[in-house]
Amino acid sequence: QKEVEQNSGPLSVPEGAIASLNCTYSDRGSQSFFWYRQYSGKSPELIMSIYSNGDKEDGRFTAQLNKASQYVSLLIRDSQPSDSATYLCAVTSGGSNYKLTFGKGTLLTVNP
Amino acid sequence: EAGVTQFPSHSVIEKGQTVTLRCDPISGHDNLYWYRRVMGKEIKFLLHFVKESKQDESGMPNNRFLAERTGGTYSTLKVQPAELEDSGVYFCASRTGIDTGELFFGEGSRLTVL
Chain Y
1 QKEVEQNSGP
11 LSVPEGAIAS
21 LNCTYSDRGS
31 QSFFWYRQYS
41 GKSPELIMSI
51 YSNGDKEDGR
61 FTAQLNKASQ
71 YVSLLIRDSQ
81 PSDSATYLCA
91 VTSGGSNYKL
101 TFGKGTLLTV
111 NP
Chain R
1001 EAGVTQFPSH
1011 SVIEKGQTVT
1021 LRCDPISGHD
1031 NLYWYRRVMG
1041 KEIKFLLHFV
1051 KESKQDESGM
1061 PNNRFLAERT
1071 GGTYSTLKVQ
1081 PAELEDSGVY
1091 FCASRTGIDT
1101 GELFFGEGSR
1111 LTVL
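Order-wise, the sequence lines are chains Y and R.
According to the working numbering, the first sequence holds residues 1 to 112 in order.
According to the working numbering, the second sequence holds residues 1001 to 1114 in order.
These aren't lab readings, by the way, just hints derived from the structure by calculation.
Only a predicted model underlies this, so the values are computations on that prediction, with no experimental measurement involved.
There may be inaccurate statements among the hints.
[As the list claims (entries may be wrong)] Which stretches of chain R does chain Y cover? Using the computed rule of at least three CB atoms under 8 Å from a CB of chain Y, they are:
#, region
1, 1041 to 1055
2, 1104 to 1114
[Unchecked claim] Pairs of lysine-lysine residues, derived as DSSO-like cross-links and limited to a Cα-Cα distance of at most 27 Å, are as follows:
#, chain 1, residue 1, chain 2, residue 2
3, Y, K104, R, K1041
4, Y, K99, R, K1054
5, R, K1044, Y, K67
6, R, K1044, Y, K42
7, Y, K56, Y, K67
8, Y, K104, Y, K67
9, R, K1051, Y, K42
10, Y, K99, R, K1041
11, R, K1041, Y, K67
12, R, K1078, Y, K42
13, Y, K99, R, K1051
14, R, K1078, Y, K104
15, R, K1078, Y, K99
16, Y, K99, R, K1044
Heads up, the beta-carbon is just placed ideally off N, CA and C, and yes, glycines get one too.
Bound conformation, chain Y alone (with noise of 0.2 Å):
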């Protein structure tokens, strides 16, 4: 059983527009959310985090959780051709606050 889901992409859309990127987790005593944003070849990128229910915005970054519904989502308005990466959700899990359990990432391509 997958312990962190992520919409599996690849996600296209044009410059300028809104990209949505969603995670659902299992685990209901996680305690801690991230977005991190990854280039190929490159390393893992923290863009988010988020602790407790609502949205929580970041310049063009948007996220926002429902524990309730086991689900934090990203936004990323004004999307920009740099935009254009994997996006990886992780959750903490196992009672540690930096022990992550990561999903599979979503790539997201920004179109000029």
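Let chain Y serve as the given structure and place chain R on it in line with the hints.
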């Protein structure tokens, strides 16, 4: 400031051989993690060091894997003997001791076992 560095970036070995991967965390980061991504799968936790002590090694696949962090600085992950299913990308990550400290990842060491 240098990020998390890993060496080698890519290693190709034959089944049965030994490989040692190295990770240099960001200076001052007490917490060091190893993760692995095998082809087509998600990134999975292997183990966690706090300074030189293993805090959690629940993700280590079997006793062919040995991780060390002598002196609480750099860490090595040795696979001996390597099997085909060990192929994948091994990521190292580090963070400070602050509870909300961001986890910084290295670019990974790609291991190919033939």
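Structure-based check of each hint:
1. 1041 to 1055: Held - the region 1041 to 1055 of chain R has 6 residues with a Cβ nearer than 8 Å to chain Y, which meets the minimum of three.
2. 1104 to 1114: With 5 residues closer than 8 Å to chain Y, the region 1104 to 1114 of chain R meets the three-residue bar; holds.
3. Y:K104 to R:K1041: Judged against 27 Å, a Cα distance of about 6 Å means the pair holds.
4. Y:K99 to R:K1054: Measuring from Cα to Cα gives roughly 13 Å; hence the hint holds.
5. R:K1044 to Y:K67: 22 Å, holds
6. R:K1044 to Y:K42: Since the Cα atoms of R:K1044 and Y:K42 sit roughly 17 Å apart, the hinted pair holds (cutoff 27 Å).
7. Y:K56 to Y:K67: 14 Å, holds
8. Y:K104 to Y:K67: Within the cut-off at roughly 20 Å; holds.
9. R:K1051 to Y:K42: Status holds; Cα separation ~26 Å.
10. Y:K99 to R:K1041: Holds, because 17 Å separates the two Cα atoms, which is no more than 27 Å.
11. R:K1041 to Y:K67: 25 Å, holds
12. R:K1078 to Y:K42: 22 Å, holds
13. Y:K99 to R:K1051: 16 Å, holds
14. R:K1078 to Y:K104: Measuring from Cα to Cα gives roughly 25 Å; hence the hint holds.
15. R:K1078 to Y:K99: At roughly 21 Å apart (the allowed maximum being 27 Å), Y:K99 and R:K1078 satisfy the hint.
16. Y:K99 to R:K1044: 9 Å, holds
Consistency note: the structure conflicts with none of the earlier hints.
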